[in-house]
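Trainee: Mapping the sequence shown onto the working numbering, position 18 (from 1) lands on 3, and the numbers just tick up by one.
Just so you know, the hints here were simulated from the structure itself, not pulled from any lab data.
As the structure is a prediction and not an experimental result, all values here were calculated from the model.
The reader is advised that the hints may include incorrect statements.
[What the hints assert, rightly or not] For each label pair, taking beta carbons as the anchor points, the in silico distance ranges come out as:
1) Glu170 <-> Ser192: 13 to 21 Å
2) Glu127 <-> Asp74: 33 to 41 Å
3) Gln7 <-> Ala147: 32 to 40 Å
4) Gly137 <-> His96: 41 to 49 Å
5) Glu127 <-> Gln7: 26 to 34 Å
6) Phe(-12) <-> Ala186: 38 to 46 Å
7) Gly185 <-> Gly160: 13 to 21 Å
8) Ala147 <-> Val168: 26 to 34 Å
9) Gln7 <-> Leu187: 41 to 49 Å
10) Gly46 <-> Arg188: 14 to 22 Å
11) Glu124 <-> Thr164: 24 to 32 Å
12) Arg188 <-> Arg117: 40 to 48 Å
Idealized CB from N, CA, C, for every residue including glycine.
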Amino acid sequence: LAFCGRQTAGRGRMQRVWEDPQAGQSLTCSLLLRPTLPQERLHLITLAAALAAAQALMDAGADARIKWPNDVVIAGRKCVGILSELVFDAVGAPCIVTGTGFNVNQTVFTHELADKATSLRLSIGRPADRVRLLQAYLEHMEHAVATLEAGGLPALLPAYRARSVTLDAQVQVIGAAETFVGVAEAMDEEGALLVRCEDGALRRVLSGDVSVRGVM
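Please put together the full structure from these sequences, using the hints given.
Mentor: What follows is the structure in structure tokens.
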């Protein structure tokens, strides 16, 4: 585990920037994980991290939800960003580094983020303890990873679905070559989103930008 008081070069999915302008307001941390999962399933750790982050915020009193695959939102605004990357150790064994950034005690966001971001403090109406939040996140993360190791994504999916704002909602999928609209019906064992399009076809979405009405 590594965590810091302020992160000056944070980044997220699709090369987006994670802003952390003032020391002591965010919780930014990275975990080096060696889960007992096949290498082709290691990306599922990101889903486990999203669930763990949402559960930690719930413990603090916030109604946190997950926007597929790994954005954690409160009242439709982003509170947590997660990026997992595959790395290899000195002997070539695969590992996962999961970086997580929580908006904890911010009360104001820049103009660009004013209608897209929120913080735990804004949600619960009082300052939040970053150390306690980190402890809760690590506890939930340990449980979520153990669940994945024992039963794969199907074992984790009920808890993930219970927190999801994407599943059962109408979504717009923006891919490299096309954009389409449909209802997100389910996720498969690889974490891909299964979207029922307006023409009745079931499309499998493994990457791309997925928007949900009223969220971010």
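Trainee: All hints are to be evaluated individually against the structure, with a verdict given for each.
Mentor: Hint check:
Separation of glutamate 170 from serine 192 is about 18 Å and conforms to the stated range, judged on CB atoms against 13 to 21 Å. The hinted window of 33 to 41 Å between glutamate 127 and aspartate 74 is violated, with their beta carbons roughly 21 Å apart. Checking the proposed 32 to 40 Å range against glutamine 7 and alanine 147 shows it holds: the Cβ atoms sit about 33 Å from each other. Roughly 43 Å separates the CB atoms of glycine 137 and histidine 96, a value that falls within the hinted 41 to 49 Å.
A hinted range of 26 to 34 Å for the beta carbons of glutamate 127 and glutamine 7 is consistent with their spacing of about 30 Å. Between phenylalanine -12 and alanine 186 the CB atoms are about 44 Å apart, so this pair conforms to the stated range of 38 to 46 Å. Take glycine 185 and glycine 160: their Cβ atoms lie about 19 Å apart, and the range 13 to 21 Å holds. Checked against the hint of 26 to 34 Å, the C-beta distance between alanine 147 and valine 168 comes to roughly 18 Å, which is inconsistent with it.
For glutamine 7 and leucine 187, the Cβ-Cβ distance of about 45 Å falls inside the hinted range of 41 to 49 Å, so the restraint holds. A hinted range of 14 to 22 Å for the beta carbons of glycine 46 and arginine 188 is inconsistent with their spacing of about 37 Å. Range check, glutamate 124 to threonine 164: about 39 Å between beta-carbon atoms, so the 24 to 32 Å window is missed. Distance hint check: the CB atoms of arginine 188 and arginine 117 are about 41 Å apart, consistent with the given range 40 to 48 Å.
Hint check: violations occur at hints 2, 8, 10, 11; the rest are consistent with the structure.
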